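Participant: Start from the sequences, fold in the hints, and give me the full structure.
Quick note, the sequences are listed as chains A and B, same order.
Here UniProt numbering is used: the first residue of the first sequence is 1, the next is one more, and so on.
Here UniProt numbering is used: the first residue of the second sequence is 1, the next is one more, and so on.
Errors might be hidden in some of the hints.
As the list claims (entries may be wrong) - Chain B regions said to be covered by chain A (calculated; three or more residues, Cβ under 8 Å):
| hint | region |
| --- | --- |
| 1 | 16-22 |
| 2 | 27-33 |
| 3 | 92-101 |
| 4 | 176-189 |
| 5 | 192-199 |
| 6 | 228-235 |
These aren't lab readings, by the way, just hints derived from the structure by calculation.
Predicted, not measured: the structure shown is a model, and the values here were computed from it.
All C-beta atoms, glycine included, are put in the ideal place defined by N, C-alpha and C.
If you want the building blocks of each chain, they are given just below.
Protein chains: 2
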Amino acid sequence: MNDKRIWTAALVVIGDEILSGRTQDKNVAQIAAWLNVQGIRLAEVRVVADREEAIVEAVNQLRARNDYLFTTGGIGPTHDDITVDAIAAALGVGVVHHPEAMAILERYYATRGGVTEARARMARVPEGAELIANKVSGAPGIRFGNIFVMAGVPHITAGMLDALTGTLEGGEPVVSRTIGGWVAESEVADILRDAERAHDGVAIGSYPFFREGRVGANFVVRSPDQAKVDACIADLVKALGDAGFGMTDGGI
Amino acid sequence: MNDKRIWTAALVVIGDEILSGRTQDKNVAQIAAWLNVQGIRLAEVRVVADREEAIVEAVNQLRARNDYLFTTGGIGPTHDDITVDAIAAALGVGVVHHPEAMAILERYYATRGGVTEARARMARVPEGAELIANKVSGAPGIRFGNIFVMAGVPHITAGMLDALTGTLEGGEPVVSRTIGGWVAESEVADILRDAERAHDGVAIGSYPFFREGRVGANFVVRSPDQAKVDACIADLVKALGDAGFGMTDGGI
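Facilitator: Next comes the structure, spelled out in structure tokens:
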């Protein structure tokens, strides 16, 4: 798309509750949007079960080919929280109680019954790891090199992302603009294809929907270059208008 | 967990719009819940970009180690819909226009402007594939052996799943029961672990939440064996009650 360095991240979502359909994941969209602001592209996601071999495989495959690797889930105090052990196994290091994490838990639980053995599990980290602050609920996230181990509960993850904002090296954020209209995408497929070909460095996505008994579509133009996005949108609006399809800026 | 045959499926979600954070995926949860009713366990999910190499890699890795493989997304009429070509490349077969799919599109578009070249793209299938009926919007899904190629729009996928209900061989569905209470999971971690150990063949998941300014957790007991689930739930309710934590059946 352009010859600038593109920074990528992968995400491993850890949890039987996502794979059983019990819980609707919200971390993919949240982390994707946050990464984009940092100038980092979410390149791939895997959802894996609470099984060490599955986590190890995903972590090792994805960290090798992305600049950053994020995980969500499995860092709580209960028996099904095995993420720390699995990451340590993937890295070939031991697991230790991080002294600063212990101190954080001691302060947090001072008025909540103290640090039990179960709660102390939340201070366990792969040996050599740093902490990611958690303003919401005490137990911190974990950073080990380019690996970021985050909570499963979305608003706790949001707090951890907040603590990381601006600290990761990235490139230019991808900017996007959306237009939409009451049109079947199959009627304008040629116009979309031609516009993408005519504008080097942009990608056009076409997202159909059915609403109020009618067919419509939104068209999203993406590029790290705002001027290219704007030029492509202008051409698309004109070509679609000439073909009889009025577009709404911002999509419908 | 038990010595019965466990049937597994994997899902590949195809689409830049999920990885950009623009669109919240709903197919993982929908397909997971549907698979469970068929007696098939969703074992792993990957979200990949609209790039042929990424789709081919995921499809070939996952179909080799699961009984079934599902994909969602990328089967529409526009230039960014590359799923059919990628699946054909993964299988090492060509792409053809399926005559029955063409006939379906001709009927569907008879009153909607006819089958244009773009619309005819939706009749393209890997050579040798069968169709999956789409009652919602005409263009069918695709079945090739143990691979099921579905739409990205969730309610179209729902219609395709409906067409497949009862046609796939599976094992016993996993049954689950949930109890919940206003308790920090870290306070009852030992009770959960002991209950899982005492009940062979069950898995207990612990899912904390923060609501109305209070800490709570739901505990989900899963097994293909309803009697084992019920016995484990009974023991858990008693042990948690003895420890001073009343549980709500069905969770909170």
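Participant: Three residues minimum, CB to CB under 8 Å: does the region 16-22 of chain B make the cut for coverage by chain A? Let me know.
Facilitator: Answer holds; 7 residues pass the 8 Å Cβ test.
Participant: Do three or more residues from the region 176-189 of chain B put their C-beta atoms closer than 8 Å to C-beta atoms of chain A?
Facilitator: holds (count 6)
Participant: State whether the coverage of the region 192-199 of chain B by chain A holds or is violated, taking the criterion as 3 or more residues with Cβ-Cβ distances under 8 Å.
Facilitator: holds (count 3)
Participant: Using a Cβ cutoff of 8 Å, are there at least 3 residues of the region 228-235 of chain B near chain A, or does the coverage claim fail?
Facilitator: The restraint on the region 228-235 of chain B is violated, since only 0 of its residues have a Cβ under 8 Å from chain A and three are required.
Participant: Report holds or violated for chain A covering the region 27-33 of chain B, Cβ cut-off 8 Å, minimum 3 residues.
Facilitator: holds (count 6)
Participant: With a cut-off of 8 Å between beta carbons, are at least three residues of the region 92-101 of chain B near chain A?
Facilitator: Violated: only 0 residues of the region 92-101 of chain B have a Cβ under 8 Å from chain A.
Checked against the numbered hints given earlier, the structure breaks hints 3, 6 and satisfies all the rest.
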